[in-house]
Amino acid sequence: MATTTEVAEAMYAMVKEYHGKKNLKALDLRKAMIEKFGDDNCDKKICKGAIRELIDSGKCTYSYVGGSYIVLPPEA
Amino acid sequence: MAEKLRATPLLDELEKGPWPSFVTEMKKSAAKNPMANDQLGILEHSYRDKIGHWKHGGLVGVMGYGGGVIGRYSDLPEEYPECAEFHTIRVNQPAGWFYTSDVLRKLCDVWEKHGSGLTNMHGSTGDIILLGAKTEALEPVFSDLTEMGFDLGGSGSDVRTPSCCCGESRCEWACYDTMKFTHELTQHFQDELHRPAFPYKFKFKMAGCPNDCVASVARSDMSIIGTWRDNIQIDQKEVAAYVKNGLDIDADVTSRCPTGCIKWDGKALQIDNTNCVKCMHCINTMPKGLAPGKDRGATILLGAKAPIIGGALLASVLVPFYDMEDAEDIYELAEEIWDVWGEHGMNRERVGEFIQRIGLGNFLEQIGLEPEPEMVMHPRTNPYIFFELDEEG
Chain A
1 MATTTEVAEA
11 MYAMVKEYHG
21 KKNLKALDLR
31 KAMIEKFGDD
41 NCDKKICKGA
51 IRELIDSGKC
61 TYSYVGGSYI
71 VLPPEA
Chain B
1 MAEKLRATPL
11 LDELEKGPWP
21 SFVTEMKKSA
31 AKNPMANDQL
41 GILEHSYRDK
51 IGHWKHGGLV
61 GVMGYGGGVI
71 GRYSDLPEEY
81 PECAEFHTIR
91 VNQPAGWFYT
101 SDVLRKLCDV
111 WEKHGSGLTN
121 MHGSTGDIIL
131 LGAKTEALEP
141 VFSDLTEMGF
151 DLGGSGSDVR
161 TPSCCCGESR
171 CEWACYDTMK
181 FTHELTQHFQ
191 DELHRPAFPY
201 KFKFKMAGCP
211 NDCVASVARS
221 DMSIIGTWRD
231 NIQIDQKEVA
241 AYVKNGLDID
251 ADVTSRCPTG
261 CIKWDGKALQ
271 IDNTNCVKCM
281 HCINTMPKGL
291 APGKDRGATI
301 LLGAKAPIIG
311 GALLASVLVP
321 FYDMEDAEDI
331 YELAEEIWDV
341 WGEHGMNRER
351 VGEFIQRIGL
361 GNFLEQIGLE
371 PEPEMVMHPR
381 TNPYIFFELD
391 EEG
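From first to last, the protein sequence lines stand for chains A and B.
For the first sequence, this note's numbering begins at 1 and goes up steadily by one.
For the second sequence, this note's numbering begins at 1 and goes up steadily by one.
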């Protein structure tokens, strides 16, 4: 099973990659991580924990643009 | 202290007449608070221009939370600098909206210290709404609120702050303890409330009886409305007393029954409970003579919404009767729904719209519920409840 931190790092890389191109929702990240790590190694609970880690650490933040998205903070 | 009140000739019109006026209240705040004064000015400006001068959204919030703060910015920052940033803070209200006056005073003190002092008690979600904070004030407000025991509510694509009627605390019709259930539901779904992860908002509203004082059938994605499945309790002596004291029972009760299931023969009231749609009219009219049955629980309905992106929807019955003994079942049901809606729902598509798009049959199959004939669209006009306990009881 992947750790929450490993998934958080992969999510962060994805948010960085898409920064300025496409806003990603929590569910987009979850789907991508389950695809990346596989069903057996990653699930909803780990993804929830990973998002919490990203937000609590300040590496990502929530943005509202007609819906809620996970983005890089303004100074990044 | 504001230097000079903004001129508001159009808003002043709204102070005329014998009614309370929000303009009068705003002026009281404006006299003490420059933000409220500029807000008064920009509102007058909007009335004059016939357009709003606010844009909302963006990156504002408190650390760790994705909801609870709605960013609002004026498009006239030079003219009204004090409300260039005028963010809204949603505060999770206590279940049933019970406060002590001491808490309300402290809440207002916090808000006058950090924000405009203007509040909306309460918003349509049920939250305490604090109107008008600058970005720099958000964390200090949050800190003071948490010190008082308050938390932020929901906003954006998350579980919105669950709300309920006062239930058993004050109402004899309550068929379950709405306040206890709402408090526990709120605690259980803290992650979903503070960290948006859905295609769009999801609202829970809990009503203790079919009077539905919180309008859950119209205003929430999941409505949990108290009901009963045995017979309405009748005290014939009290019913007779109503008649003796002047109630025109034919005109005011029996002829108003939507399914005609209630009859008065001059001596006794008879109710065909199999055709009762739980409209509550007879019970509301003769509260001493009638009461909900004793076998109480709730009906769970799904899919209501007010018109924003699409038109308004009323909720449809999903679970005809649940005894409300184990909240875990409802949590699991909600999570099943979120999984399917999250996977296949479109951006800004409410769960009711999603069900309309994919069809109820497909939706039920996906969430693992067997279709039942009681899953009707309009419970108020359909005596769908033909409860029969299974053989095991």
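The set of hints was computed from the structure by calculation and includes no laboratory data.
We treat Cβ as the ideally placed atom computed from N, Cα and C, and that holds for glycine.
Worth double-checking, as some hints may not be accurate.
Stretches of chain A that chain B covers, calculated by requiring three or more beta carbons in the stretch to come under 8 Å of a beta carbon on chain B [to be verified]:
| hint | region |
| --- | --- |
| 1 | 16-23 |
| 2 | 49-61 |
Below, computed lysine-lysine pairings styled on DSBU-like, alpha-carbon distance capped at 35 Å [said to hold, decoys possible]:
| hint | chain 1 | residue 1 | chain 2 | residue 2 |
| --- | --- | --- | --- | --- |
| 3 | A | Lys-21 | B | Lys-113 |
| 4 | B | Lys-55 | A | Lys-16 |
| 5 | A | Lys-25 | B | Lys-55 |
| 6 | B | Lys-4 | B | Lys-113 |
| 7 | A | Lys-21 | A | Lys-44 |
| 8 | B | Lys-267 | B | Lys-288 |
| 9 | A | Lys-44 | A | Lys-22 |
| 10 | A | Lys-59 | A | Lys-21 |
| 11 | A | Lys-25 | B | Lys-180 |
| 12 | B | Lys-55 | A | Lys-48 |
| 13 | B | Lys-113 | A | Lys-59 |
| 14 | A | Lys-31 | B | Lys-55 |
| 15 | B | Lys-180 | B | Lys-106 |
| 16 | B | Lys-134 | A | Lys-22 |
| 17 | B | Lys-288 | B | Lys-237 |
| 18 | B | Lys-134 | A | Lys-21 |
| 19 | B | Lys-134 | A | Lys-48 |
| 20 | A | Lys-59 | B | Lys-134 |
| 21 | A | Lys-22 | B | Lys-55 |
| 22 | B | Lys-134 | B | Lys-106 |
| 23 | B | Lys-180 | B | Lys-32 |
| 24 | A | Lys-59 | B | Lys-288 |
| 25 | B | Lys-55 | B | Lys-4 |
| 26 | A | Lys-16 | B | Lys-16 |
| 27 | A | Lys-45 | B | Lys-106 |
| 28 | A | Lys-25 | B | Lys-134 |
| 29 | A | Lys-48 | B | Lys-288 |
| 30 | B | Lys-180 | A | Lys-44 |
| 31 | A | Lys-36 | A | Lys-16 |
Quick rundown of the hints versus the structure:
1. With 0 residues having a beta carbon nearer than 8 Å to a beta carbon of chain B, the region 16-23 of chain A misses the requirement of three or more and the stated coverage is violated.
2. A stretch counts as covered by a chain when three or more of its residues have a beta carbon under 8 Å from one of that chain; for the region 49-61 of chain A and chain B the count is 6, and the coverage holds.
3. For the proposed pair A:Lys-21 and B:Lys-113, the alpha carbon gap of about 40 Å is over 35 Å, so the pair is violated.
4. Distance check on the hinted pair: B:Lys-55 and A:Lys-16 sit about 27 Å apart at the alpha-carbon level, within 35 Å; holds.
5. Simply put, A:Lys-25 and B:Lys-55 have alpha-carbon atoms about 22 Å apart, close enough for the 35 Å limit, and the pair holds.
6. Our distance criterion of 35 Å between C-alpha atoms is met by B:Lys-4 and B:Lys-113, whose separation comes to about 20 Å.
7. Between A:Lys-21 and A:Lys-44 the alpha-carbon distance is near 25 Å, which keeps this suggested pair within the 35 Å criterion.
8. For the hint pairing B:Lys-267 with B:Lys-288, the CA-to-CA distance comes to about 17 Å; that is within 35 Å, so the pair holds.
9. With a CA separation close to 22 Å, the supplied pair A:Lys-44 and A:Lys-22 stays within the 35 Å bound.
10. As the CA atoms of A:Lys-59 and A:Lys-21 are separated by approximately 18 Å, the hinted pair is consistent with the 35 Å bound.
11. The hinted pair formed by A:Lys-25 and B:Lys-180 meets the criterion: a straight-line CA distance of about 32 Å does not exceed 35 Å.
12. Our distance criterion of 35 Å between C-alpha atoms is met by B:Lys-55 and A:Lys-48, whose separation comes to about 30 Å.
13. For the hint linking B:Lys-113 to A:Lys-59, the alpha-carbon distance of about 31 Å falls within 35 Å, and the restraint holds.
14. As the CA atoms of A:Lys-31 and B:Lys-55 are separated by approximately 32 Å, the hinted pair is consistent with the 35 Å bound.
15. Distance restraint check for B:Lys-180 and B:Lys-106: the Cα-Cα separation of roughly 25 Å lies within the 35 Å cut-off, and the hinted pair is therefore satisfied.
16. Annotation: proposed proximity of B:Lys-134 to A:Lys-22 holds, straight-line Cα distance about 28 Å (limit 35 Å).
17. Straight-line distance between C-alpha atoms of B:Lys-288 and B:Lys-237 comes to about 10 Å, which keeps the hinted pair within the 35 Å bound.
18. Among the hinted pairs, B:Lys-134 with A:Lys-21 is consistent with the structure: their alpha-carbon atoms are about 29 Å apart, no more than 35 Å.
19. Of the pairs offered as hints, the one joining B:Lys-134 and A:Lys-48 holds, with about 30 Å between alpha carbons and a cut-off of 35 Å not exceeded.
20. A hinted pair counts as satisfied when its Cα atoms are at most 35 Å apart, and A:Lys-59 with B:Lys-134 qualifies at roughly 23 Å.
21. Only pairs whose Cα atoms come within 35 Å are accepted, and A:Lys-22 paired with B:Lys-55 is accepted, the gap being roughly 21 Å.
22. With a CA separation close to 20 Å, the supplied pair B:Lys-134 and B:Lys-106 stays within the 35 Å bound.
23. Taken as a hint, the B:Lys-180 and B:Lys-32 pair is broken in the structure, with Cα atoms around 39 Å apart against an allowance of 35 Å.
24. Of the pairs offered as hints, the one joining A:Lys-59 and B:Lys-288 is violated, with about 61 Å between alpha carbons and a cut-off of 35 Å exceeded.
25. Taken as a hint, the B:Lys-55 and B:Lys-4 pair is honoured in the structure, with Cα atoms around 26 Å apart against an allowance of 35 Å.
26. Between A:Lys-16 and B:Lys-16 the CA atoms are separated by roughly 56 Å; this puts the pair beyond 35 Å, and the hint is violated.
27. Restraint check for A:Lys-45 and B:Lys-106: not satisfied, since their Cα atoms lie roughly 38 Å apart, outside the 35 Å limit.
28. Under the criterion of a C-alpha separation no larger than 35 Å, the hint pairing A:Lys-25 with B:Lys-134 is consistent with the structure, at around 26 Å.
29. Under the criterion of a C-alpha separation no larger than 35 Å, the hint pairing A:Lys-48 with B:Lys-288 is inconsistent with the structure, at around 51 Å.
30. Straight-line distance between C-alpha atoms of B:Lys-180 and A:Lys-44 comes to about 28 Å, which keeps the hinted pair within the 35 Å bound.
31. Note on A:Lys-36 and A:Lys-16: the hinted pairing holds, with a Cα-Cα distance of about 16 Å set against a maximum of 35 Å.
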